[in-house]
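Asker: Here are the chains, one letter per residue:
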Amino acid sequence: MELLLVLILGLLYAAGVYLILRRSMVKLLLGIILWGNGANILIFVLGKITKGSPPVIDDAYRVFQDVYADPIPQALILTAIVISFGLTSFAIVLLKRVYALVDSDDLDDLNTPEEEDI
Amino acid sequence: MLFTVLTGLITSSLLVPFGKIIKTKWSILLPFIPVILFLFYLWHVPVVANGTTITQHLSWVPSLGVNFDFRLDGLSLLFALLITGIGTAIFFYGRSYLKGHIYFDRFFGYLLLFMSAMLGVVLANNILTLFVFWELTSISSFFLIGFNNDSKASRNSALTALSITGIGGFFLLAGLVLAGNIADTFIISEMFAQHDKITNHSLYPLVIGLIFIGAFTKSAQFPFHFWLPGAMKAPTPVSAYLHSATMVKAGIYLLARLTPALGNTELWNTTLMVVGGFTMIFAAIHSLFRTDLKGILAYSTVSALGILTFLLGLGTTDALIAMSVFILVHALYKATLFMVTGIIDHQTHTRDVTKLQGLRKVMMPVFIAALLAALSSAGLPLTYGFIGKDLIYEATLNLKENWAIWLTALAVLTNIGLVTAGFRAGITPFTGKLPEGYQDVKMPYRAMWVPPMILAVLGIVFGLFPGVVGDYFNYQTANAIAGTDTDMHLKLWHGFNTVLTLSVATLAAGAALYFAHNPTEEKLLSLARFDVVSSQHIFRQIGRSIEKGAGWYTNTIHNGYLRSYHLKIILFAELLLGYKLWLSGPIQIDYANLTPLSWYEVGIVAILIGALYIIVTTKSRLTSVVSTSVIGYCICLLFVFYSAPDLAMTQFTIDTLTTVLFVLVLYKLPPFINFVRQGILIRDAIVALGFGIIISLIALRVLYEPNTTAISDFYGENAYLLAKGKNVVNVILVDFRGMDTMFETVVLSIAALGVYSLIKLRLKSSEKE
Amino acid sequence: MKSAILQTATRYLLPILLLFSVFLLLRGHYHPGGGFVGGLVASIAFVLHSFANGTENTMKILRYKPLSLLPIGLAISTAAVTLPLLLDLPPMTGLWLEEPIPVIGMIGSSLFFDLGVYLVVIGVVLTILFTIALND
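Protein chains in written order, with our numbering: chain W, 2 to 119; chain S, 296 to 1064; chain L, 5 to 140.
Check each hint, because a few of them may be wrong.
What the hints assert, rightly or not - Result set (SDA-like, lysine to any residue): computed pairs, CA atoms no more than 25 Å apart in a straight line: (1) S:Lys863 to S:Leu992; (2) S:Lys1055 to W:Leu96; (3) S:Lys1019 to W:Leu96; (4) W:Lys49 to S:Asp885; (5) W:Lys49 to S:Leu889.
Honestly, the hints are just simulated from the structure, not real lab data. Quick caveat, the model's predicted, so the values are computed rather than measured.
Chain W on its own, in the form it takes in the complex (with noise of 0.2 Å):
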């Protein structure tokens, strides 16, 4: 299963690498989640996958009677699953707020009202 879940994050991080070249602000969005997606599973892998035995304590004993998944990247990718919600959000507003003012998705078109102010 390792083997699968590396080539996803490697084609999650390709597709994020690929939108983010696109013109297209829209893709370029979807491309950071895309990423952001291949890097929650790349700190996933490299802590070891277990299966079926999650960090939680049984509730008879005080300490982990057997094997356990590790429960740091899993506190990193929760954290970051949560911060990725308020970036896109952001994103998102910030994108919708220059279609109001330049009413294109073309990134480029952001670069002619600042040549036109020199």
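Given the coordinates of chain W, assemble chains S and L onto it according to the supplied hints.
Answerer: Relative to the frame of chain W, chains S and L by itself:
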């Protein structure tokens, strides 16, 4: 001592809010700042003259060894007195000179800042503190030189001065840090004890090379001299202050200060002697051809700085004594001459020496001041300049080497030039017939001619009592530079000897040259032919080619297209990471340790890949957003399978919310644009796949490194014992790493506020298209 | 998207989901759950309600702007972090009551910290979504 440095800094910043008030009659308060500081240092003279050194220590950045260490010895005191004393004169003078100027407050703000920075330089006992103040003088002098900011020439020369001294500062910092590391201390007085260690170190030539560049740029030594004549675009009070007594002498001060730590080696002395010697004769000749009064003074200043460097290079006790006297001599007469020039300029609106004549008839007191200064600069007996010149000749004559006679000749030639330049600046404008149109030139305000008069008279008084002056001011200065007792006793009269003969010959030759040679525009223009090989020209060419190169680079790399930046960054990352991967050798995969696959996992991965394909190829926004959320849910399922229930829940809810968010704004979002060329698509696909492959390879490589689980084990074992929680992920979030979570919630709040204000923000009408 | 079925459903779903979110929050220390997840579930409950009944009506139920939850949540977290200082302990030290309370379970300062996170998450999500929804 700290307060003397801070006074100027604080007052300077106070001028920002109270600038308006200081433009009124309250401006009379300004000159009293240097007056008080001057008195403070004057009060220390008897103590320091006894050989006492006063130190003060204040922690600033102790961990980096940067502290406010101040030290007042003979050398520092002489400079502090010059800075505050000449400063007093300049403040009184400048207040009248700039009366009613729109940026009056700004001018004094810069001037105060500069004065404090100079005091900081000469008082600092820590080379890093010294450097900070050193840079501060560069910056404040930039503002002062470019004070007439509506003139392009003024702005240009300010930039030249800043870039030359700034580049010098860069080298200086490197040199100082190196020296400090070798000596294992940044305290200057402690470095003296490390003299042998530093001079025997293999990096010693580099250290002093760097420091030399710093000092030579600041003190306008060849080939960096040209910024100083250029800086004459500044208002005259600035020239008088910066270029007679303070800023340009900072380089000399630095060299003198570090002589006990770094000096007395053949390399040190020879370099200083050659550079100083060349600069002094080169600039002296140049000064003969100038027609602008300030130009004459500028070149004669460069020449005088050359003399000081040269004396430092000789390094003998005689030379150091001569140097300590000449610093004072030069400051007194040069400040006077500059101020006189300023008066002439202020009253007649020209500084062209070919046009000015006979002004004594309209401004007699100014003439007297100028004459006294010119005589002191010429070294007429009974002036302080005479003593200074005598000492210089004595220093060269007393050398034992065979070629020393050539040094004497060099000094004589330079001084002949300086005599002529002094006469030209101090006497020519006042003698002869007053030309038409200058009859009603008015006397300047008293505050303008009294300060130069006082300085000029001091030049005579000091000359009459050289013994007293020497004991109080110069003796300890020379000691501080030499690092030993120089046993100096100045006398007014040395008897009839070679030195006197040379002095008289210099004076005669200078006077003869003064009458024989008249600078004209034509002669100046004929000199311009050599501009092509001048260092100024070369520096300008270098500057231009850097500009061109930067322009080319910017146009090529920074083309303004975001995707092109992305492409370059990603390609670079690929190369770097790929190279590193290649270095790390082949990747081995341990198939036995892999987690087994099940059919539903393969199914999910298949869906994921399909969704990815759709996102990349679709032309519809809705499809791509839906596919993104499909990917999110698939990842969520993977988390479920692999023991991460918290993650699965979070991913699920966040994914839902993100989709809702997209849907909310989707119809407001612009449609995709799809101008593409096949070639570019293929290129991007290759780059993207390359990046994906590299990341995957990195993941594989890391995966089969033995990983340490010490931290995870700690959390796992102590989750309940220490934090009374059984869900380790949650315990990490709210307890072990609670601070991180705390800040995360703050970041989230900021994002929400950002969204809120972006939406609520009403566009100003001007911002709407 | 006004459908009678959905409206009726959300009338019952809202309290149930909110209860569930609180349940997730409280059990977070022992079982999967916690402030983040709880807060997200609660926000989804409100978002669902706003889909069925319109954002204006949801705002009426909320009474206060969701933005005001941010300072409240941050204050509670900060208080939980700094509370040990009053007892001369380093900040973030976990303080616990000796005996568990029925239904809720063990109460300690981390629970309050999590409560702060819970409120901040609700505030953030609702602020973002509702400002966008209301200003179109």
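Asker: Determine for every hint whether it applies to the structure shown.
Answerer: How the hints compare with the structure:
no.: 1; hint: S:Lys863 to S:Leu992; result: holds (21 Å)
no.: 2; hint: S:Lys1055 to W:Leu96; result: holds (15 Å)
no.: 3; hint: S:Lys1019 to W:Leu96; result: violated (45 Å)
no.: 4; hint: W:Lys49 to S:Asp885; result: holds (14 Å)
no.: 5; hint: W:Lys49 to S:Leu889; result: holds (10 Å)
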